[in-house]
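Make the full structure from the sequences, and use the hints.
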Amino acid sequence: MSLTDRSPNGGAAPRETVGPGSASYVLGSGPSLLDLTSEERTRLTREPFVFAMNKYLLFWDKIGVEPSHTFLADTHYPAYEVLARSLARSRELRRPPRFHLHRYYRDYINVGPAARYFDLVLRARLIHNGGWRGRYLEFDPTPNFFAASTHNFEPMVWARSFEEQLYFYRGSLSILLNLICILNPGRPIYLLGVDMNTPESFYEEEMARDASLHDKWRAIGEREAAHPTVLQYESIPGILEKWPFIWESCLEAGCPIYNVNPASMLVERGLCEARPLSFTEGGEPMGSLESATPTPTPHSTPDRK
Numbered sequence: 000m001s002l003t004d005r006s007p008n009g010g011a012a013p014r015e016t017v018g019p020g021s022a023s024y025v026l027g028s029g030p031s032l033l034d035l036t037s038e039e040r041t042r043l044t045r046e047p048f049v050f051a052m053n054k055y056l057l058f059w060d061k062i063g064v065e066p067s068h069t070f071l072a073d074t075h076y077p078a079y080e081v082l083a084r085s086l087a088r089s090r091e092l093r094r095p096p097r098f099h100l101h102r103y104y105r106d107y108i109n110v111g112p113a114a115r116y117f118d119l120v121l122r123a124r125l126i127h128n129g130g131w132r133g134r135y136l137e138f139d140p141t142p143n144f145f146a147a148s149t150h151n152f153e154p155m156v157w158a159r160s161f162e163e164q165l166y167f168y169r170g171s172l173s174i175l176l177n178l179i180c181i182l183n184p185g186r187p188i189y190l191l192g193v194d195m196n197t198p199e200s201f202y203e204e205e206m207a208r209d210a211s212l213h214d215k216w217r218a219i220g221e222r223e224a225a226h227p228t229v230l231q232y233e234s235i236p237g238i239l240e241k242w243p244f245i246w247e248s249c250l251e252a253g254c255p256i257y258n259v260n261p262a263s264m265l266v267e268r269g270l271c272e273a274r275p276l277s278f279t280e281g282g283e284p285m286g287s288l289e290s291a292t293p294t295p296t297p298h299s300t301p302d303r304k
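FYI, numbering that gives the first Met the number 0 numbers position 20 of the sequence shown as 19, with every residue one higher than the one before it.
Simulated from the structure, these hints should not be mistaken for laboratory data. Treat the hints with care, since some could be wrong.
Calculated lysine to any residue pairs in the SDA-like style (CA-CA distance at most 20 Å, straight line) [stated by the list, open to error]: (1) LYS241 <-> ARG268; (2) LYS61 <-> ILE108; (3) LYS54 <-> PRO30; (4) LYS61 <-> ASP106; (5) LYS54 <-> PRO95; (6) LYS61 <-> ARG102; (7) LYS241 <-> PRO255; (8) LYS61 <-> THR41; (9) LYS241 <-> ARG208.
Computed spacing ranges between beta-carbons, pair by pair [claimed, not checked]: (10) ALA207 <-> HIS75: 16 to 24 Å; (11) PRO236 <-> ARG90: 20 to 28 Å; (12) GLU233 <-> SER37: 38 to 46 Å; (13) PHE278 <-> ARG90: 23 to 31 Å; (14) ARG45 <-> ARG90: 13 to 21 Å; (15) ALA210 <-> GLU240: 15 to 23 Å; (16) ILE235 <-> GLU203: 36 to 44 Å; (17) ARG42 <-> ALA262: 17 to 25 Å; (18) GLU91 <-> SER211: 17 to 25 Å; (19) GLU137 <-> ASP60: 21 to 29 Å; (20) GLY185 <-> MET155: 20 to 28 Å; (21) ALA210 <-> ALA87: 15 to 23 Å.
Glycine included, each C-beta is placed from N, C-alpha and C at the ideal position.
Following this line, the structure appears as structure tokens:
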């Protein structure tokens, strides 16, 4: 049985992929992004569902793909600095991306004058996450905030709306895939730069010159010569352990996952099908922020991975 034939719940039929329409594209940080052709980069920039992860936007010009969406879920150091720089760089793009942020970031964004003066708790958090520099971030439009589960051992529940916590396990990729299934259901998901077979990124040279962006996961990856997401950490297995659940949850939403890099660890382990980039002409993108407005809930500040 092939990956595309399998379905969750012992054979329950997955939701059909809707077409024609726009697929979703995830821009990771792996060096295989450098292999994209000029034509592929141009086409991706025109697509409505291109999601950049984590630090991609800081170095987007090295790849040349302008994402339509930017996603940040990490809350450990240097999360605030990454967000601030991502916002600054987003203003260089011809089509500013829509930001999707963990609710942890709400305290830093579009804060009124009175709250800025009196919110000493916020100042303490900023100091913990990269230093207090007197900066509050102004977004227009306001980002889409989401909640995400915070513990690797929570029940495996795949959210079907932003009123629920998005699924988290050993890294932000699981959260992003759940988010995509809500925003753009019934469309395939293409992973680009999700290599997992190396700790290196496409912006390795730039990171080596800027220690302010280093976190503990970079050090762990370098020491183990592997991507931190696939490593066992504090007795918690890597993301490959839960990948069948993630893959089948996406399939149930009509979002089969393909990896553009045939050398990706996901492909080599038989967990994901390798497939070249595909662009579908015509059709209207499914899912919208207006129809999936998050409901405010309390948030937490875990040191996640």
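Exercise. Which hint numbers doesn't this structure obey?
Worked result: 2, 4, 6, 9, 11, 15 and 16
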